[in-house]
Structure formats: structure tokens, C-alpha cells
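Here is what each chain is made of, one letter per residue.
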Amino acid sequence: MTDQPAIIGLGLTPMSLAPGGHASHLASEAISLALGDAGLTRADVDGLLVNSSQGIRPDRVGVQLARSDGFGDLRLLEHIEIKGATAVAMVQRAVLAIRAGLASTVVCVFADAPIQGSGSSGSGYAQSGGNDGLRGLERASGLLGSVPTYALMANRYLHVTGGSEDDLCAVVMAARQWAQGNPLATVTTPLDADTFFAARMVATPLRVLDCARPVNGGCAVVVSSQRPAGAAHDPVFVTGMSQIHPARHRRSGDESWFGGGAGRALDEALLQARRARTDIDVHQIYDPFSVVTLCLLEDYGLVEPGTAGKVARSGALAPGGDLAVNTGGGQLSGFYLQGMTPLAEGIIQVRRAGGARQVAKASTALVTGLGGRIDHHAVLILDRQAA
Amino acid sequence: MTDWLVSDVLVPNTDGALEPLYEAALRGELAVPFCDSCGTPLELEQVRCDACGSAATTWRVVQPHGTVHSVTTVHRLEPGLIVATVPYHVVDVELASGHRVLMTTSIATDRSPAIGDPANITFRRVAGVAVPALEVSP
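Going down the list, the sequences are from chains A and B.
Each residue of the first sequence is one higher than the one before, counting from 74 in our numbering.
Each residue of the second sequence is one higher than the one before, counting from -4 in our numbering.
Worth flagging that the hints you see were computed from the coordinates, not collected in a lab.
In this text the structure is predicted, and so the values were computed from the model without any measurement.
Keep in mind that a hint or two might mislead.
Here are a few chain A residues that sit away from chain B, every Cβ distance over 10 Å (derived from the structure) [stated by the list, open to error]: (1) Gly93; (2) Gly109; (3) Gly112; (4) Ile153; (5) Asn204; (6) Asp205; (7) Gly206; (8) Arg212; (9) Thr259; (10) Val260; (11) Thr268; (12) Phe270; (13) Ser325; (14) Ser329; (15) Asp340; (16) Gly388.
Taking beta-carbon pairs under 10 Å as the criterion, some of the chain A residues facing chain B (in silico) [unchecked claim]: (17) Leu207; (18) Arg229; (19) His232; (20) Gly235; (21) Asp239; (22) Thr277; (23) Leu279; (24) Ile317; (25) Ala320; (26) Gly334.
Just a few of them, taken from the derived set where beta-carbon distance is under 7 Å, the chain B residues facing chain A [unchecked claim]: (27) Pro7; (28) Asp10; (29) Val69; (30) Arg71; (31) Leu72; (32) Glu89; (33) Leu97; (34) Ser101.
By construction, the Cβ of each residue, glycine as well, lies at the ideal position given by its N, Cα and C atoms.
Required output: the full structure, derived from the provided sequences and hints.
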């Protein structure tokens, strides 16, 4: 029990674009895959952390999974909820619990099945939200689903930075290039700028290709101080972690759509890891919309303020570039499994199991989770070596 | 009377935190919340002032003027929710009072407002409930 907590198992179900399936079944499958990868069984697990998609569907995974999915007595069982930052926060929670002696092997799971019946998943998000409070006022004003919301952010961001839709195009094309090396990615057809600009506009300036690809799928990771003999991979260490929830307010004089100094979370995590930004080999950034990648690269201090669009247009984010970002295609061209998308790819890269998309000699990964309207940030530094 | 943009199913519930806004809107006035103690303009659902810590808030009628902080033109016309047949605009208005409020335009228009444009606030009715809207001319 002297070993540091590390990620020793990863399980990813197929990422389906076909309607049907249940989140709880996908969660179960992901857990089995992750435990198999770790060389463990459910009997070895004493902690379970659950991340469900937010309340638009009745079929959500929760703490009942402990009973329904064949676990024994657990010492740690929580349903964690800080929106899109949850998956990363679960790993943080698991590491802290193991360090504190509250558990030794913790499974963290997320699964979702937003594609059901005939309507698009985007439509499913638009139909949910209710009529109460501020959300009710916004919905009565035509702000349905998350695309128009992020479109307001995007236009404000492009206005402030002097950017253009070419910047968004560059992010989407880089993600698509990376996706071509990822067998689990949902969209791998080559993409040129003409095809991008011809894509259907959802809410200006965001086209359908600027938006994440929802899938029915699940992902689980195993965090443990154990080093099972049957593990398929070397452990991936969590050498730094932090959260920041900037208190931005919507009032005159403030940029309330983005910013807020989320780089402070990265500063803290890097301090723990004894690393600098320049030591990060791969950057797995929560990217539900193309513009978010640009906003976060700046807010995390990975590029100079106002330059993310220029950096993207230089090709730096794409395979072979200087700033490897979302190397599995991210949520745009890979799959939208919320915080599990960046987390899984960070693990795969540090394991050097990325196949055609593997970044040579990747040892250190940044993984970020993002919740709300860029309100909640959780970050991890993953490394082949313990800190 | 039917709203030009949304179906009646999107009629907002008026009996929650935003009740003073809806009450004033029925009179054609724009009311927004301020901190009672220090006067800070608060977000519409904010219950405690982030500047001074007071939980005493007052909704006051303010001048219905401001500028466009951001804007999007929504092309997806959500079946069952949107009754308009052409793209519509959603505007984030920064009020002279210091608040920001999201709204659409008072009537359908193919001319998109632009960031920095002056904004005058009027009201539309969704199933009898008055909601703020950016005044645009036909």
C-alpha cells in the first residue's frame, strides 16, 4: 500500500451514433473494460465515483450502480456533480481519498445515451431546460440548448480578439486531422476549409462542425495504489491537480462570457507536478465548441492573450504542430463524452498507446474539464513518472 | 395573441426569483435587482451581493437603454418551440444600469444587431407574459 495513487485502468465502450442503449448498461460495460485493463475484478474495488449527464434524460447513472452492477461493500461511493468538470474532479477525488486511506482502488465512471428515437441529440438538448427562473426567461427569448449560448460567447470572443471564423475553422480542421488516427473517433473524413464553410449554420458564428459530436457511450478509469500483475499498461501518475471557479459576474465592464483567470488552476497543478507549461507534451482540453479551445488556450496561459486564433491558423494545434491539442479529435471530431474525452486521451497518450495519432515521446499531459458557461475548471497533470 | 418567435409552451414561470421583472414588464417598465446596501447591480438570480455580502436586494425600474454586448443569429428553428420561419437574433444587452440581459428582437428582422449598437428595450408577450425585447423597426 505504499504506492502512490495512479490511473491503472481505462475502459472505453464503442462510441455509437445510432439511437438506443442505456447509460447504465454502457457504464457497466466501461467498468468491466477498465477493470480488465487494470488486471482487476469488481471484488478488488472499494470505491466508486459516478458522473452522469445533466438532467435531460431519466436514464442517468447514479450511486445505484453500486448495487445494480455487482459491486461488494464499498468504502467510498459518491455521485459527483460540477457539470462538465466532473470527470476530472472524480479523478481528483479518487486520488485524495486514496492518499487519505479512505479507499485503495476507485472506479470513476461516466456514461450517456443522448441519442434516442428520431430527433437529433441537439434537439434533445434544446427541448430540455424548463420554464423556471432565468433559464425560463432565456428560453422564452429563443436561447434553446447550448449552441446559441456558446454562439454569443464566440461572437463576443471574436469581437474582442479581432478574430474571424477562419480561426474556428482552423480549430475544427486540426481536430479532424487528429481524429483520423483515433479508431474511436466518430468523424474522420478529411475536411478542407470550403467544406467547413459550407456546413450548416446553427447559430452564428457556429456551424454544425463547430459543435461536439454527442454519442452513446461510456468510459471508466481505475485509480489505485495497487499495482496488479495483470495490468495491461504501466501506471499513469496524477502529479498535479487543481480547480478554479472564477467569480465572473454579468455586469458592465466585465467580460462575462469567457476569461476569469482559469490559468491559476494550471499554475497550481504545475507547481505540484514541478513542471512548467513548456513541459506539457499533449494538451487535452474540454472542447464542446471550437471557440472554447481558443478561449481556454488563452485563459490557461498556453498562448498569449488574443493570439489563439493566429496560433490555430498556423497549424500548431494539428498533428506535427508545436502545440499538440486534443490529439484524439477531441469532442468535435472524436466523441462527446464530456470530461471523459480529454481524460481518456490524456491517459492513452501518456501510455504511448495512441497508435497512428501518438505524439512521439509524450510523457506529460494536461487534461482539463469545463463546466457551465466556462464557469468551472478542473485540471490534471498526468505523467509517466511519479512527482 | 401569439408571439412572433416562440410557441406558448415556452411561457416563462413568473412566480420565482424573477417575479419583480415580470410584474414591471407587464406595465412596460424594466426592473432589475440591486444590492440594498451598496448599490451594486446584481445578476437576475443573485440573492447575496458579491461586493458587500448583503442579502438585501431591491428591484428598481431603470432606464430601458443600453448597448449590444454580444449577438447571435439562430438558424436552427427548433420544432415545437420556435414558430418563426426565418432565422432570429438573440442579443446580450448591457444595460446602462450595469446589468446584462439576454433577449430577442421585438419583431422579426433580417438585419442583425451588431456589438456596440445602442439598444432600447421594449417588451414582447409570450402567452400573456411580458418579456424584455430589443426594439427594432420594421
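Hint check against the structure, violated hint numbers in rising order:
5, 6, 7, 8, 13, 14, 20, 21, 24, 26, 28, 31, 34
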